[in-house]
Amino acid sequence: MSSIYFIALPLLFGFATPIFAKFGKNGIAYSSVLLQASLFLLSIQLFVTMDKSIIEVIAIAPPLGIALILDNVSIFFVMLFTFLVLMGSLYYLKLREKNPYQNEAKFFILINMLLASAIGLVLSSDIFNIYVFFEIAGISAYILSAYRKTPKALEAGLKYLITGAIASIFLVFAIALIYLHLGTLNLALISQGFTALESDIKLLISLFLLIGFGLKVEIFPLNFWVTDIYEGSDAFTDAFFSAVVVKAYLFVFFHIVYLFLPHKEFTLFLLYLGAVSMLIAEIVALRQTNLKRLFAYSSLGQVGLLFVAFSMQEAVSITAGLYILLAHSLAKMVIFLSLASLFEKYKKEDISLFKEMNSPFLRNIIIISMLSLLGIPLLAGFVGKFLLLKSIAFSGLFVLLGLLVLASLIESVYYFKIIGFMFSKEERGEKFSLSTLQRAVLLTLTLGIILIGIAPFLISDFIATASSVMIDVRSYQNLLLGAN
Amino acid sequence: MRIINTLLAFLSLALLLSFWQDNFSFYVDLALLGLHGVVVGVKTSALSNVFALLIGFSWLMVSIASFASKKNTHSTLFLWLPILSLALFLIVYTVDYLLFFVGWEVMSIVSYFILAPTLTPKALLKYILFAMASALALLMGIVILYSGAETLLYIDANHGFTLLSQQMKMILVLLMLFAFFVKIGAIGFHYWLVDSYAQADDLFTTYLSAVLSKMGIYGLIIFLTQVVDIYSLDWKILAYTIAIIGVTTSVIATFKAIKEDELKRLLAYSSIAQLGYIVTILAIAGGMGGVLYHALIHTLVKLLLFINIASIIALTNRSKLSQLGGLIYRTPHSFVLLLIGIIVLAGMPPLAGFASKYLVYTSLLDAKMLLILSAVMFASVSGFLYVYKLIYGIYLGHPTHKSLESVDEVSKWYLIPQYIIALLLVIIGAFPALIVPTLNTVLVQLHVAPIPFETSTILESPLGAYNGFVVMSAFAVIFVLVLFFVWRVKSKAKNVKNRFDIAYCGEEPTSATPLHYGYGMGQELQRVGFIAIIWKQSSASFYNALTLMLFSLSTRLRKVYTGNLASNFNWLIIFAIFLLCWGLE
Amino acid sequence: MILFDLFLILLIAYSVGFLYYGLYRNITARFQRRFGPPITQSFYDSIKFFSKEDSTSHGWMFYLGPIIMMTGAITTLFFIPFFYDRADFRGLSDYGNLFVVLYLLVVGPLGNALGVGVSGNPFAVMGVTRGLSRLFAMELPFYIAVIALISINQSADIATIASNQHETINAIAYPLLFIPALFAFIGMMGQSPFDVVGAPVEVYSGPAAEFSGKFLALLMSQGAIFSFAKLVLMVNLFLGGASGFMELLLKTFLLFLFVIAFGSLYGRFKTPQSIDFLLKVPTVIAIVGLILATWS
Amino acid sequence: MIEGILEYLNQTEVIKTIVILGSMGLFFVGLFGLLSQRHIIKVFISIGIMEIAVFILFIGLSFQKGLTAPMLGDAHTSFVQMNDPIPHAMILTAIVIGMAVLALGISFAIEYYKLTGKNRLDQMNEMKH
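So the protein lines, in turn, are chains A, B, C and D.
For the first sequence, my numbering begins at 1 and goes up steadily by one.
For the second sequence, my numbering begins at 485 and goes up steadily by one.
For the third sequence, my numbering begins at 1070 and goes up steadily by one.
For the fourth sequence, my numbering begins at 1366 and goes up steadily by one.
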């Protein structure tokens, strides 16, 4: 029953805030961190005690009821999300001393809601629950995005909300069609019955699903809104958007693709969509000067790469995808968290900020993160990239290979432009150093990047199992249906 | 830091030499990563030992030279240098393309961090973008090869290569050639190289030119012999293409060097030209001996030359030929060392440079690439102009500034490595076949015919041999005899007190008269048509146009992300309708 | 034995070289409708210079320049065999080959360049630069021709190349190689139209501007020796070599005569002009010759 | 006459056709609004219309003639002879969520208008670089 805690506790946190508020000024903040820490420990504990493929199913009599599935792949995401959110919250503990959000209780509630919904998305195994968590994640993200109530933030919030609302309409439409034709919401049952549907209905459903999720997973050409959101929101919240929210949506989307639509043609389409998405995002990023926007484009590019990885529908490429996802989450977390401090200190978001920055620590960790994103060996990004390119080459998709390599090259242009700014010989202000806690957080994340890069075999077993579980549709069906 | 670095360099060299004959290998299976059946590892072999020797030796020499400056100015350099050398050792000792790539990338990135404090942003960006392009091309090539061979080991790579389709073979070869040519700085891909060499820390430039550029050669050797197996493959056009690229590189870089005024830029072009000779003979069957020999000599001579000009730059704070001059009697040791260096660089007979040039020429003759050989010899002779410009601009002529008249000899820490190298070059000059047995072990390993060997004084080749010892002793004996003769002939000549006491059209020049010819040297060649073309053309315009194109594309694509939701909805609907139509099909 | 041989070679080269130099002055004088000095005049001049004081010196490197030049000339001479079929007068040619000689040919000029460079006279250095610029233009057609010969004979040995011509000499068998080589050779001999470097009369400059006394003598002597060495090389490569002294003298003299006659007839090119010319006409001919000669 | 029409209309197929046509009409009205209108509130209204259209479609199509509403009460103590409760539950949830989102959106729009005086989608260009 423990997997329910991941969803219930963060949600319940909101109701308990009045109580925590009694513990003093920092009560809510500390209790939120405590909650996330305990969730993280719980996920670790679950992972450690878990057998090779023991799966926890919480089911209220499928096909009617809801079911949460905690298998090898979802535990990966649960651990990742709780860890990242914990790190972010810890970082915020110091950030709030200088630049706190108004009405912090709400902010913590939202962060926990975001965590709960992201985990909910990953664990849910019926499509309506997915819709609900889709919306909860959306609502908390809209509010977080607009939280500063500056014109930019509000604009970002509005745009996010409008596109989110449209996405949800299409999703509901798809769900309605599915239920009308199959009479069930259970993923396993849908996946069994889906192939037997008429092709027109199938097309319509897949189209709506693609648009509904496509808007959320930031795939070209449905990612027009993303960069504005990143730019308008706080860098601190961007960290969560980029590292957590998108990843949850991506997982769900591909989970659904594997279950419903493992069409060769469709996935091939997604494959090239991903590559084009990456290429375009990287090219556009070339001219960006606003850092948040720049890294938003970089996120779009990485999502394109992940799209390619997951669309390959092979265990190896999914392994690669999970590696890339992990590396990207860690790196983007480091970058956006550092940016949050830097923006606060230097009062500018321009790329020239790095010319003024005088903080060897931040410089080094940002460089390491960016190199990892570029897929430099001995850092986390390389493992996934190499595996991905390998599986692409083995499939004989050499044009795709060329596109990805080209995109990576363009990507390196602006990354190294930034790194070049960090080494520029201009006059720099006084030294800027972070508090110990913040340094510890960033260092932990960076060490994660280095450790995975140098010793990928530490987690390779786990990730390989996760990816084989993710692609194994049949066992998922058996698991879900056999549970009642 | 410097001491630790030097100790490490010494240690690695000592280890290398003491375990020269021993075979050592270490393999790891990568099944854990989901790469089933993929083994990576390191292994000593004759080829890797030779290149490792170059690395270790250069590292040591650069480290010794670093003691010259009083302050620990190169602290970051010597923090990174051991890591860089480690990556280089990894590159040469690995037996598979995965570790090769890892070493390659680490090399590029570490070099980037070494270069970063001294380069201008533009040069730095140029360097790293070319390095990344090279690395990515290499990665793509490796992956393509991997998809054929299903392992990454060099020994299986040839099998995998033969399994690829003709088209993929072509693409693979192009990618790999691009990757390595960028590092070598073959013409067209040298855009990054000259600026990086010129602006890098003076000692690091030495390392760059002596060692890092050789990694491109090493990569090409591995790729062409192990993967493509070019000598047994009947793929004439590839060999010719490589040779033509090499010789074009040599000719163009030589003339570019003649025009340069800045010491390090001049030597950078010279480096490109010398590597061009190596590339030229890389793809022909009899050329491997020449490749290795010339790589060795070039490493030594570039160490010598770059350390020499580093010492001069450190001494005078000037780095342009037009700002130096007349240092010969202030720094006689440096002068003699540079003289030895340029004699080797020019390939003049008594010293070691001729031996390697000789192998280059005879292998081209043997392969019947006669026009290419003519062009190589042409480039080689044209090179005299820049080597003379180099030595004249620094040491001969008139000092261009008062400060140059009162400097003292450079630090002994600069002189020690130079003397060691010069000694080696003289010894190899007299015994040109001394290193042939070592090279032959490599050639045997690469399955090519070894260089004939009888005694260490005679360098043999299919078209005749020459006795280095006789050439050198004849030269030395005649020199001493003439010297003695001149000595004995009566002379009352006095040293000129006034350096303006020269034959100058009946006038006496003053200190305001520009007497140093350093900058103008060779400029009149502008009037020669093809040289003017070489000087005027630059790959910069191509790369600038490319950048411009990319950026305008970026601006255009930015319009997708206008932030205007209203227009984006139209996009969305169009996309949906497109999908619908596509799906209905 | 070999030392005696070398001494004889040197002696012959020295005397014949000065003899030719005297003849050269006479013949050019006749071309210009005047009477030249006695044939032995140059020889006496050099002896005289040896006994003169040199007025200025610019340090040891300044001295070394002519010495290296002399060394280069003598070494070159020693590596060129006089006769293709005789055991004597082979010098050191068994220990080297054509490549060594080609490179030894440029040792002298480079040594000179160093000595001149240290003198600090910009006009002298200008001459050196011109010389080096002309050098590569000159060497290109010559190298192409030589490469073709080596390839045809499959040997870089000079004596072998010379002896392989007993039926037809290379100048007739391969005229398209001989003509460009001859152009280059005219330049190497410092004759018009390629003589702007050491232009003897009108330019008060050139590499020799700063030398006087015994060093000027040294320069003159090495010039004589070097000229002879180059003549012998050319004879060996293209004119079938020689098997006796008379043949050698005849062939070298004819070649010499041709060169100075040619030089007297033509005006002087500027440096860029000569480079341009050499890189166009003789080079193209040489390339055609190379292709024709080795086409198979 | 009217009886006949009602009888005709009472057929399941006819009802479902009407539902489909009506809701699709509504959907396209919303879509048209979304594409043609620039005012933020109007856009929200369009979104609301589209949502409602989907809800109606779902409920309308999952309804079966002759069965009662899926509610337990005095007369109905067990789940028999009732319509499938799931669509109802789902749509109820969706309505709540949709309403919450729209309310949130309108509050954003008001704040935004207060700060900037802008109320149109195409004017929202704070981040135009």
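FYI, nobody ran anything at the bench for these hints, they're computed from the structure.
Quick caveat: nothing in here was measured; it's all calculated off a predicted structure.
Check the hints yourself; a few may be wrong.
Straight-line alpha carbon distances no greater than 25 Å define the calculated PhoX-like cross-link-like pairs of lysine-lysine that follow [as the list claims (entries may be wrong)]:
#, chain 1, residue 1, chain 2, residue 2
1, A, 202, A, 94
2, B, 720, A, 355
3, C, 1117, B, 743
4, C, 1349, B, 1020
5, D, 1479, A, 149
6, D, 1483, A, 152
7, A, 149, D, 1483
8, A, 202, D, 1483
9, A, 94, A, 417
10, A, 106, D, 1430
11, A, 417, B, 743
12, A, 425, B, 1020
Against the structure, the hints come out as follows:
1. A:202 <-> A:94: Given that 25 Å is the threshold and the Cα spacing comes to 51 Å, the pair is violated.
2. B:720 <-> A:355: Roughly 52 Å between the alpha carbons, so the hint for residue 720 of chain B and residue 355 of chain A is violated.
3. C:1117 <-> B:743: Measuring from Cα to Cα gives roughly 42 Å; hence the hint is violated.
4. C:1349 <-> B:1020: holds (20 Å)
5. D:1479 <-> A:149: Holds, because 11 Å separates the two Cα atoms, which is no more than 25 Å.
6. D:1483 <-> A:152: The hint holds at about 12 Å.
7. A:149 <-> D:1483: holds (15 Å)
8. A:202 <-> D:1483: violated (42 Å)
9. A:94 <-> A:417: violated (30 Å)
10. A:106 <-> D:1430: Judged against 25 Å, a Cα distance of about 47 Å means the pair is violated.
11. A:417 <-> B:743: violated (31 Å)
12. A:425 <-> B:1020: Roughly 32 Å separates the two Cα atoms, so the pair is violated.
Going down the numbered hints, you'll see the structure goes against 1, 2, 3, 8, 9, 10, 11 and 12, while the others check out.
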